[in-house]
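Protein chains: 2
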Amino acid sequence: MTNPSAIQDSCPYQHEPVSSRSEKAIARKAFDAVLGRELHEVIQEAKRMANEIQQSSDLWDLEHYLTQRRKEIDREYDYRYSRLTHVFGRLLHENRLNEEELRGLGEDKLKSIRSLAKFLAEDAA
Amino acid sequence: MTNPSAIQDSCPYQHEPVSSRSEKAIARKAFDAVLGRELHEVIQEAKRMANEIQQSSDLWDLEHYLTQRRKEIDREYDYRYSRLTHVFGRLLHENRLNEEELRGLGEDKLKSIRSLAKFLAEDAA
Chain A
311 MTNPSAIQDS
321 CPYQHEPVSS
331 RSEKAIARKA
341 FDAVLGRELH
351 EVIQEAKRMA
361 NEIQQSSDLW
371 DLEHYLTQRR
381 KEIDREYDYR
391 YSRLTHVFGR
401 LLHENRLNEE
411 ELRGLGEDKL
421 KSIRSLAKFL
431 AEDAA
Chain B
311 MTNPSAIQDS
321 CPYQHEPVSS
331 RSEKAIARKA
341 FDAVLGRELH
351 EVIQEAKRMA
361 NEIQQSSDLW
371 DLEHYLTQRR
381 KEIDREYDYR
391 YSRLTHVFGR
401 LLHENRLNEE
411 ELRGLGEDKL
421 KSIRSLAKFL
431 AEDAA
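From first to last, the protein sequence lines stand for chains A and B.
Letter by letter, the first sequence follows residues 311 to 435 in our numbering.
Letter by letter, the second sequence follows residues 311 to 435 in our numbering.
Be a bit skeptical, because a hint or two may be false.
Taking lysine to aspartate or glutamate and the DMTMM-like style, the derived pairs with C-alpha atoms no more than 25 angstroms apart in a straight line are [what the hints assert, rightly or not]:
#: 1; chain 1: A; residue 1: Lys381; chain 2: B; residue 2: Asp368
#: 2; chain 1: A; residue 1: Lys357; chain 2: B; residue 2: Asp368
#: 3; chain 1: B; residue 1: Lys381; chain 2: A; residue 2: Glu417
#: 4; chain 1: B; residue 1: Lys357; chain 2: A; residue 2: Glu362
#: 5; chain 1: B; residue 1: Lys334; chain 2: B; residue 2: Asp418
#: 6; chain 1: A; residue 1: Lys357; chain 2: B; residue 2: Asp371
#: 7; chain 1: B; residue 1: Lys357; chain 2: A; residue 2: Asp368
#: 8; chain 1: B; residue 1: Lys357; chain 2: A; residue 2: Glu351
#: 9; chain 1: A; residue 1: Lys357; chain 2: B; residue 2: Glu362
#: 10; chain 1: A; residue 1: Lys381; chain 2: B; residue 2: Glu382
#: 11; chain 1: A; residue 1: Lys357; chain 2: B; residue 2: Glu382
#: 12; chain 1: A; residue 1: Lys381; chain 2: B; residue 2: Asp384
#: 13; chain 1: A; residue 1: Lys381; chain 2: B; residue 2: Glu373
#: 14; chain 1: B; residue 1: Lys357; chain 2: A; residue 2: Glu373
#: 15; chain 1: A; residue 1: Lys381; chain 2: B; residue 2: Asp371
#: 16; chain 1: A; residue 1: Lys339; chain 2: B; residue 2: Asp368
#: 17; chain 1: B; residue 1: Lys381; chain 2: A; residue 2: Glu362
#: 18; chain 1: B; residue 1: Lys421; chain 2: A; residue 2: Asp371
#: 19; chain 1: A; residue 1: Lys381; chain 2: B; residue 2: Glu355
#: 20; chain 1: B; residue 1: Lys357; chain 2: A; residue 2: Glu417
#: 21; chain 1: A; residue 1: Lys357; chain 2: B; residue 2: Glu373
#: 22; chain 1: B; residue 1: Lys357; chain 2: A; residue 2: Asp371
#: 23; chain 1: A; residue 1: Lys334; chain 2: A; residue 2: Glu417
#: 24; chain 1: B; residue 1: Lys381; chain 2: A; residue 2: Glu373
#: 25; chain 1: B; residue 1: Lys339; chain 2: A; residue 2: Asp368
A few chain A positions that, by computed beta-carbon distances, are all more than 12 angstroms from chain B [what the hints assert, rightly or not]:
#: 26; residue: Ala335
#: 27; residue: Ala343
#: 28; residue: Leu369
#: 29; residue: His403
#: 30; residue: Glu409
Here are some of the chain B residues that sit facing chain A, going by a computed Cβ distance under 7 angstroms [what the hints assert, rightly or not]:
#: 31; residue: Ala335
#: 32; residue: Ile336
#: 33; residue: Leu349
#: 34; residue: Lys357
#: 35; residue: Ala360
#: 36; residue: Ile363
#: 37; residue: Ser366
#: 38; residue: Glu373
#: 39; residue: Thr377
#: 40; residue: Leu420
Read the hints as simulated data drawn from the structure, not as lab findings.
Just so you know, even glycine gets a beta-carbon here, dropped at the ideal spot from N, CA and C.
Sequences and hints are given; from them, build the entire structure.
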């Protein structure tokens with residue numbers, strides 16, 4: 311029979327959701343900060359691309375870029391508490407999130423987030 | 311029994327395609343000129359919108375605008391000879407095409423194009 315604790319160990323991102331009130335506020339602030347930086351980058355890139363449009367192909371390249379980025383952002387920034395450990399782990403792995411921004415979350419949550427970031431780093435290696 | 315000439319009179323846009331070599335060159339030049347003006351307008355509007363982006367909703371408004379315009383242009387600018395009378399008639403009706411740009415087309419084709427523009431104007435009234 312399968313041992314449930316073994317499953318949990320092999321799937322480091324399967325954890326309890328962030329749930330206390332102050333932790334929720336910290337999580338929300340960190341999430342909004344990363345998303346804000348990401349959107350700022352997309353805005354800057356869109357302005358740069360638009361500024362350099364010379365022909366119709368450049369125009370449709372801009373449209374394609376925006377559509378791709380919107381879909382990626384919709385997929386990657388999923389603010390459901392049950393998904394936050396996963397989202398933060400990935401953002402940490404991608405250096406989009408600074409661990410400092412998560413200060414105040416419980417050590418168990420931080421451990422899960424770091425664990426997932428490490429798992430992703432090893433997976434990508 | 312239905313009279314074929316009556317059908318033709320009631321459907322002014324059902325005509326022979328533009329086909330002689332010089333007429334094809336004139337048609338192509340007019341088509342490219344109108345499409346070029348249309349694309350120029352979209353490029354200018356995209357640059358203006360991008361320049362004014364302040365928040366993410368402005369970014370996705372730009373994406374939506376570009377997608378809509380690309381679809382409209384794909385639909386409206388159909389360069390098949392069999393469709394040109396229809397396309398030019400519509401562009402003339404919408405004041406996107408100057409009749410002067412069609413100078414050199416046979417009078418029968420011009421008549422068909424004017425006839426369709428008139429039909430569309432009456433239909434829109």
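Each hint tested on the structure:
A distance of roughly 16 angstroms separates the Cα atoms of Lys381 of chain A and Asp368 of chain B; the hinted pair therefore holds under the 25 angstroms criterion. With a CA separation close to 11 angstroms, the supplied pair Lys357 of chain A and Asp368 of chain B stays within the 25 angstroms bound. For the hint linking Lys381 of chain B to Glu417 of chain A, the alpha-carbon distance of about 51 angstroms lies beyond 25 angstroms, and the restraint is violated. Of the supplied pair hints, the one linking Lys357 of chain B and Glu362 of chain A holds, its CA atoms being roughly 9 angstroms apart against a limit of 25 angstroms.
Under the criterion of a C-alpha separation no larger than 25 angstroms, the hint pairing Lys334 of chain B with Asp418 of chain B is consistent with the structure, at around 14 angstroms. Of the pairs offered as hints, the one joining Lys357 of chain A and Asp371 of chain B holds, with about 13 angstroms between alpha carbons and a cut-off of 25 angstroms not exceeded. Proposed proximity of Lys357 of chain B and Asp368 of chain A is supported: the alpha carbons are some 11 angstroms apart, at most 25 angstroms. Proposed proximity of Lys357 of chain B and Glu351 of chain A is supported: the alpha carbons are some 17 angstroms apart, at most 25 angstroms.
For the given pair, Lys357 of chain A sits about 9 angstroms from Glu362 of chain B by alpha-carbon distance, which is consistent with the 25 angstroms threshold. With a CA separation close to 22 angstroms, the supplied pair Lys381 of chain A and Glu382 of chain B stays within the 25 angstroms bound. For the suggested pair Lys357 of chain A and Glu382 of chain B, the alpha carbons sit about 24 angstroms apart, so the restraint of at most 25 angstroms is met. Taking the CA atoms of Lys381 of chain A and Asp384 of chain B, the gap is near 23 angstroms; set against the 25 angstroms cutoff, the hint holds.
A hinted pair counts as satisfied when its Cα atoms are at most 25 angstroms apart, and Lys381 of chain A with Glu373 of chain B qualifies at roughly 12 angstroms. Note on Lys357 of chain B and Glu373 of chain A: the hinted pairing holds, with a Cα-Cα distance of about 12 angstroms set against a maximum of 25 angstroms. A distance of roughly 14 angstroms separates the Cα atoms of Lys381 of chain A and Asp371 of chain B; the hinted pair therefore holds under the 25 angstroms criterion. Our distance criterion of 25 angstroms between C-alpha atoms is met by Lys339 of chain A and Asp368 of chain B, whose separation comes to about 23 angstroms.
Between Lys381 of chain B and Glu362 of chain A the alpha-carbon distance is near 22 angstroms, which keeps this suggested pair within the 25 angstroms criterion. The hinted pair formed by Lys421 of chain B and Asp371 of chain A fails the criterion: a straight-line CA distance of about 40 angstroms is larger than 25 angstroms. With a CA separation close to 24 angstroms, the supplied pair Lys381 of chain A and Glu355 of chain B stays within the 25 angstroms bound. Pair hint Lys357 of chain B plus Glu417 of chain A does not hold up; C-alpha atoms about 48 angstroms apart against a cutoff of 25 angstroms.
Under the criterion of a C-alpha separation no larger than 25 angstroms, the hint pairing Lys357 of chain A with Glu373 of chain B is consistent with the structure, at around 12 angstroms. In summary, the hint linking Lys357 of chain B to Asp371 of chain A is supported, as the alpha carbons are separated by about 13 angstroms, within the 25 angstroms threshold. At roughly 14 angstroms between alpha-carbon atoms, Lys334 of chain A and Glu417 of chain A fall within 25 angstroms of each other, so this suggested pair holds. For the given pair, Lys381 of chain B sits about 12 angstroms from Glu373 of chain A by alpha-carbon distance, which is consistent with the 25 angstroms threshold.
For a cut-off of 25 angstroms, the pair hint linking Lys339 of chain B to Asp368 of chain A stands: about 23 angstroms separates their Cα positions. The beta carbon of Ala335 of chain A sits about 22 angstroms from the closest Cβ of chain B, which is more than 12 angstroms, so the claim that it is off the interface holds. The Cβ of Ala343 of chain A sits about 14 angstroms from the closest Cβ of chain B, beyond the 12 angstroms cut-off, so the non-interface label holds. Listed as outside the interface, Leu369 of chain A is inconsistent with that label: its C-beta sits roughly 6 angstroms from the nearest C-beta of chain B, within the 12 angstroms cut-off.
Taking the minimum C-beta to C-beta distance to chain B, about 24 angstroms, the non-interface status of His403 of chain A holds against the 12 angstroms cut. Every beta carbon of chain B lies more than 12 angstroms from that of Glu409 of chain A, the smallest distance being close to 25 angstroms; the non-interface claim holds. Using the Cβ-Cβ criterion of 7 angstroms, the hint placing Ala335 of chain B at the interface with chain A is not satisfied: the shortest such distance is roughly 22 angstroms. For Ile336 of chain B, the suggested interface contact is broken, since its CB lies about 23 angstroms from the closest CB of chain A, more than 7 angstroms.
About 5 angstroms separates the beta-carbon of Leu349 of chain B from the nearest beta-carbon of chain A, less than 7 angstroms, and the hint is met. About 5 angstroms separates the beta-carbon of Lys357 of chain B from the nearest beta-carbon of chain A, less than 7 angstroms, and the hint is met. With a cut of 7 angstroms, the hint placing Ala360 of chain B at the interface with chain A holds, because the nearest CB-to-CB distance is about 3 angstroms. For Ile363 of chain B, the shortest C-beta to C-beta distance to chain A is roughly 5 angstroms, which falls under 7 angstroms, so the interface hint holds.
Taking 7 angstroms as the C-beta cut-off, the interface hint given for Ser366 of chain B holds, the closest approach to chain A being about 5 angstroms. Annotation: Glu373 of chain B was flagged as interfacial toward chain A, and the flag holds, the nearest CB pair being 4 angstroms apart, inside 7 angstroms. Because the smallest distance between the Cβ of Thr377 of chain B and any Cβ of chain A comes to about 6 angstroms, under 7 angstroms, the interface hint for this residue holds. The interface hint given for Leu420 of chain B is violated, since its Cβ lies 29 angstroms from the closest Cβ of chain A, which is over the 7 angstroms cut-off.
The structure is inconsistent with the numbered hints 3, 18, 20, 28, 31, 32, 40, although it conforms to all the rest.
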